[in-house]
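Trainee: Take any residue in the sequence shown, note its place counting from 1, add 41, and you have its number in our numbering.
None of these hints come from the bench; they were simulated from the model. Careful, some of the hints might be misleading.
[What the hints assert, rightly or not] Calculated cross-link-like contacts (lysine-lysine; reagent style DSSO-like; alpha-carbon spacing at most 30 Å):
1. K337 <-> K287
2. K337 <-> K317
3. K307 <-> K287
4. K224 <-> K287
5. K337 <-> K407
6. K307 <-> K317
7. K317 <-> K287
8. K307 <-> K337
[Stated by the list, open to error] Cβ pair distances, simulated, as ranges:
9. P272 <-> D310: 17 to 25 Å
10. Y315 <-> R246: 23 to 31 Å
11. R162 <-> P330: 48 to 56 Å
12. D362 <-> P272: 31 to 39 Å
13. P239 <-> P276: 14 to 22 Å
14. T247 <-> P157: 40 to 48 Å
15. N227 <-> Q343: 37 to 45 Å
16. E243 <-> M297: 22 to 30 Å
Cβ coordinates follow ideal geometry from the N, Cα and C atoms, glycine included.
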Amino acid sequence: MTMCRAGDRSSNEKRAHTTTPPMFRSNKIQQVSMAPLLLLMLMIPLFAIGEEGSEAKIPPAFPQWDHKTEPAPTPKPIATPPGMKSTPEARSYAPPASPQSSAAWLLNRMADTDSPELRRRAAEVWPLDEEDEKSLLAIIRGLLDPVEAVRLSAQQRLNAIDDSALFAYVMRTFSAGTVDETKHLNAALPVLAQRINPFLLETLRTTLETHEHKRIAVYCLGQTRESEAAPLLFPMLGNDDPAMAKLALDALYSIMPSGSSAQWMKILDHQDAYFKVRAVRALAFLQEPGSFDLLKQICLGQRYTDMQMTALRAISWYPDDILIPLLVEIMERNRGLSGTAVQLLRQRTGMDFGNSPRYWREWLQKVTQQNAAPLVPVE
Numbered sequence: 042m043t044m045c046r047a048g049d050r051s052s053n054e055k056r057a058h059t060t061t062p063p064m065f066r067s068n069k070i071q072q073v074s075m076a077p078l079l080l081l082m083l084m085i086p087l088f089a090i091g092e093e094g095s096e097a098k099i100p101p102a103f104p105q106w107d108h109k110t111e112p113a114p115t116p117k118p119i120a121t122p123p124g125m126k127s128t129p130e131a132r133s134y135a136p137p138a139s140p141q142s143s144a145a146w147l148l149n150r151m152a153d154t155d156s157p158e159l160r161r162r163a164a165e166v167w168p169l170d171e172e173d174e175k176s177l178l179a180i181i182r183g184l185l186d187p188v189e190a191v192r193l194s195a196q197q198r199l200n201a202i203d204d205s206a207l208f209a210y211v212m213r214t215f216s217a218g219t220v221d222e223t224k225h226l227n228a229a230l231p232v233l234a235q236r237i238n239p240f241l242l243e244t245l246r247t248t249l250e251t252h253e254h255k256r257i258a259v260y261c262l263g264q265t266r267e268s269e270a271a272p273l274l275f276p277m278l279g280n281d282d283p284a285m286a287k288l289a290l291d292a293l294y295s296i297m298p299s300g301s302s303a304q305w306m307k308i309l310d311h312q313d314a315y316f317k318v319r320a321v322r323a324l325a326f327l328q329e330p331g332s333f334d335l336l337k338q339i340c341l342g343q344r345y346t347d348m349q350m351t352a353l354r355a356i357s358w359y360p361d362d363i364l365i366p367l368l369v370e371i372m373e374r375n376r377g378l379s380g381t382a383v384q385l386l387r388q389r390t391g392m393d394f395g396n397s398p399r400y401w402r403e404w405l406q407k408v409t410q411q412n413a414a415p416l417v418p419v420e
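Let the sequences and hints guide you as you build the complete structure.
Mentor: Encoded structure:
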C-alpha cells in the first residue's frame, strides 16, 4: 500500500508539473520564457519610427481638406476673327475725369444749370488749359449763352489765352474734334473773328502750310465773312482740287465782297453749273452797275440761256419799279419764261390780265403815264 502510494505520488507530481501554467512556475523558468516577448515589445516603436521617415504615408482622413491645389490652366488663345490681323486688346478701365465733389465736377454742374448767375460765375473762374480742348470748349459754349452777362464773363475769361493758342485750338478742333466741339466752335467763329482772322489770312498767304490747314482757313474766313480774304480766295477758284475750289466759292458767296461784280461775271463761264448758279445769285445780290444789265440779258434769253430761270428767281425780290417792267418785257420776248413772269406779276400787283402780254403792257403804260407810284395798287 505504501509503495503504491509512493508511485502514485511521483506520477501525480509529474502530472502537476506538466499542467501548471508558466505564471505559477519558478522564477527562473519565468525569466527565460519572458525575454523574447520583452524584446519584441521594445522593438515595435523602432519600426514605427522607421516608417514615419519613409515615403509611404498614412492617407488623410478628409482628402477634401487638403490645401494643395493644382495650378490654374493656361487660358487658350482667342481665335482671331476673319479679316483682322490680330485680336483686339481689352480696354483698360479709366476712372471718370471729374469725380463727384471735385472742383471740375462742381463747375460742370454750375455751367449746365438753368441759373444765369451760376453760369456766369462758372465762366469767370473756369480753369483754362491751352492744351486741353475740353476746358476751352466750356468757354466757347459760354460765348453762345443766351444771357449777355454770361457771354461777357466768358469773353473776359477767354482773353486770358493768347491769340496764337486760340488759333491753334481752332485748327485742332476742325482737324480732329468731335461733333459737339466743332458745332459749338462753328457757331462761335464770328465772335472769335477779330482774334483768329489775322492767323487765317497768313495761313492762305504762306506756301508752307499744309493743304488741310488751308482748307480750314478758307472755311473759317467764309464763316467770319472776312472781306480781306476775297483777293486770296478768287484765285483759288481754279485750284486743281475741286473740293478746295468749291470751298473757296462758298466762302466768297458768304463774304459777298462789294465791287466784285467783274469777278463774278467771269465765273459765269465756268463749266460747273454749281459755280454759275452761285455767280448769278451773287450778281443779283450785289446790284452793282453792269450786273443788272447782264441779268436782264440772261432773263431775255440773250446770254447764258441755261441760267434763265436761275436769274429770274434771283431778281424776284427786286423793287416793283424795276421788276414789273422787266417781267412784262420777258412775256413779250421770251416765251420760255412767260408763264413764270405772269405768276410773278400776279403776285406782285394783285391783278390778273391773263397770259397775253398786250394787256399787261397797256396796263403798265397807263400806270406810267399817270405817274402813279407805286405801281402796285394801294387799298
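Trainee: Of the numbered hints stated earlier in the document, which are not met by this structure?
Mentor: The structure breaks none of the hints.
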